[in-house]
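Please put together the full structure from these sequences, using the hints given.
Chains as they are written, first to last, in the numbering used here: chain A, 1 to 408; chain B, 1001 to 1408.
To be clear, the hints were calculated from the coordinates, so they are not data collected in a lab. Note that the structure is predicted; figures quoted are calculated from it, not measured. Even for Gly, the Cβ is constructed at its ideal location relative to N, Cα and C. Treat each hint with caution, since some may be false.
Chain B is faced by these chain A residues, among others (derived, beta-carbon under 8 Å) [what the hints assert, rightly or not]:
1) Ser29
2) Lys49
3) Asp107
4) Gly108
5) Tyr111
6) Leu112
7) Pro114
8) Phe130
9) His150
10) Asp152
11) Asn154
12) Asp159
13) Leu163
14) Met165
15) Pro236
16) Gly242
There are 2 protein chains.
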Amino acid sequence: MKKTINLFVCAIFYFANGFTQEAVFGGRSILSPEVNMDGSVIFRLYAPKAIKVELTGDFLTNVNVQTPMGEMEQAIFVEMKEDKNGIWSYTTEKLSPELYSYKFRVDGMDYLDPSNVYMCRDIASYANIFIVKKESGDKGYLYSVNEVPHGDVNKVWYDSPTLKMKRRMTVYTPAGYDKGTPYPVLYLLHGAGGDENAWITLGRAVQIMDNLIASGKVIPMIVVMPNGNTNSQAAPGEWSKGMYRPSFMEHEASKAIASMDESFPDIVTYIESHYHTLKGKENRAICGLSMGGGHSFATTKRYPDMFNYVGLFSAAIFLGGNDPKKTNMEMLESDPILEKEIAGLFEAAPKLYWIAIGKKDFLYKSNEDYRKYLDAKGYNYEYMETDGGHIWRNWRIYLTLFAQKIFQ
Amino acid sequence: MKKTINLFVCAIFYFANGFTQEAVFGGRSILSPEVNMDGSVIFRLYAPKAIKVELTGDFLTNVNVQTPMGEMEQAIFVEMKEDKNGIWSYTTEKLSPELYSYKFRVDGMDYLDPSNVYMCRDIASYANIFIVKKESGDKGYLYSVNEVPHGDVNKVWYDSPTLKMKRRMTVYTPAGYDKGTPYPVLYLLHGAGGDENAWITLGRAVQIMDNLIASGKVIPMIVVMPNGNTNSQAAPGEWSKGMYRPSFMEHEASKAIASMDESFPDIVTYIESHYHTLKGKENRAICGLSMGGGHSFATTKRYPDMFNYVGLFSAAIFLGGNDPKKTNMEMLESDPILEKEIAGLFEAAPKLYWIAIGKKDFLYKSNEDYRKYLDAKGYNYEYMETDGGHIWRNWRIYLTLFAQKIFQ
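Below you can see the structure in the form of structure tokens.
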């Protein structure tokens, strides 16, 4: 059929362009972003009528802004320059290997790059993404799809008797899975505003696992990414609630009949009866970011014999509940049930209890309180501190490091 | 953990909003699109500095435009009206149940709706989507996720010895698949510019199959959606070529070592060795849209004993190759190899050979030529003609109808 298709292509291309209006100037496509060999990146936008075009992205200088929770970092906007053809552009400094996100602002309106189809949703809005990669093994490489064996990604529906509903989750099976060997399982949890798609989009979990397994740094494992919003069956648009607007409050938009930690055994039961898994505590790990770190904290203290490896990534551990005056330390020192549960967990001696957080994370203090409590009790844990705040850049690093510490 | 999360949510919401800038006016979200009970739809965009805001969508009046292939339909742009708060809006007529797509144009720049996170990529650009649904069984219902049992969706990597590469495809397994019963298999192929994701995004194949199976109109089956671009391993961004710009010419951007039809047995071999499948011709169906219709045509004449059910949806059958002067009829009447292959296919007597096309499709004439040839030879086929042209709206209907005709 190959030779017979040219005319056809010509016609359809015309047709498709009519509605979709690709980013084209003077008959040729506009290249944006263009990642140069030295790591600098050129952004371009054709906007001949615009008065002001700006760019923002997580590679630009951050400024501190005041928030209800104290100072937080925010990326600045930089002005782009227009050439005589109406093409606005901006060239960055040399960027280090990483996955970055950005968007434009045209006369005050936020605008996705029409030349770049790669974008990720974060809660209710999108930003374009690109990767700077220099050499094998750097972060850009780890987050890219490379010429290595690839694992499969499954969106499966499991039964949760505890939550009384069918629920959707994402299951990664490593390359070679079909050979039938049983595998250990990592349960990888998302944060508030996320869902079962978060770790395989902004989290790049599939690429990270493929690349680390191929390099021999991580042993082949199944990675299970459930939905942590216990009142939802699935990600927005993927269940019968319809095409609703995603919300940061999704996990408590309506009352769920049980918590994520209560319902966790439903997930383990499904996975171990549907996949080739190694059974038992020593073959299970759990970790999560932010709210998912909170879920990992809560699930492991509720079921101390379920997981041998625990990872708290920028974990949302607010033991004082809605009272901001109660610190975690005060709660830990005054709540005998909490004290007993945590004691029970560490009596069960998880092989790894790993806490990681960025120095600028607004959850730093609550995690510090928790660590001080563990120190005072003499409970064994590992601690990792990175730069930056409550951001995906850190969570990808934490997954990369945590995965290398488990099942070995 | 539930009670402990409010303060946290508050902080993160602030943080997230800083970068992502959701569509918010006066502290509340802007609702767009708003689908009313009567099927009319209100679109809204907050753009206080804009001079002109337009809307286009496939629900608006189409006009005929001249193209290299003759007249084609194109959706018009309508002007939106601004209120005193800078919110532009437009209300449609009552729309019939369907999945629709749209976008805005702000002072000449195409703009996605920041209030609607639901969008689909078509080749290299995006449009927002929404569904109008009135009652159970209508098209809007069929294309929605409803409260019915859901099948799983798997992105798997299979080996293609013919193309000498690992390749990615999408596999739908129906609800209840884990019970272990063997299933028949439908191979569902995309068009030029598409990939293994096309049928589960704009094609709504998962929802169509879930809903038809739940209603008892279609028997449970596995649906396999391979990638028809034989020089690609996977969809853009999903293989080692990096985050390249998708192209309509993807399937012939570089020379592949074999054609899709030659390599098709690699797919069948993988599926039948990895899934619970019923074997043999009577348990296999193949269909595809446009280029995928061409692939279905070519694969079944190459392997007449492989499939019992064949569906050509707006099929790209250009037997005259690059010479537009040669009609299909001329080719069919003058090419003894072609004549012999088609004779071989119909001697093998497929239970269903189903041709469907829209009256305004630019491929209408080439399909008509092919039908005349089949008529003249007395070969048995079914024919379905619909309104409209070379559009997803038709292909979703064809899948809905074809799926009800197979394996019964």
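Discussion item. For each hint given before, does the structure comply? Return the numbers of the non-compliant ones in rising order.
Written reply: Hints 12, 13, 14 are the ones this structure does not satisfy, whereas the remaining hints hold.
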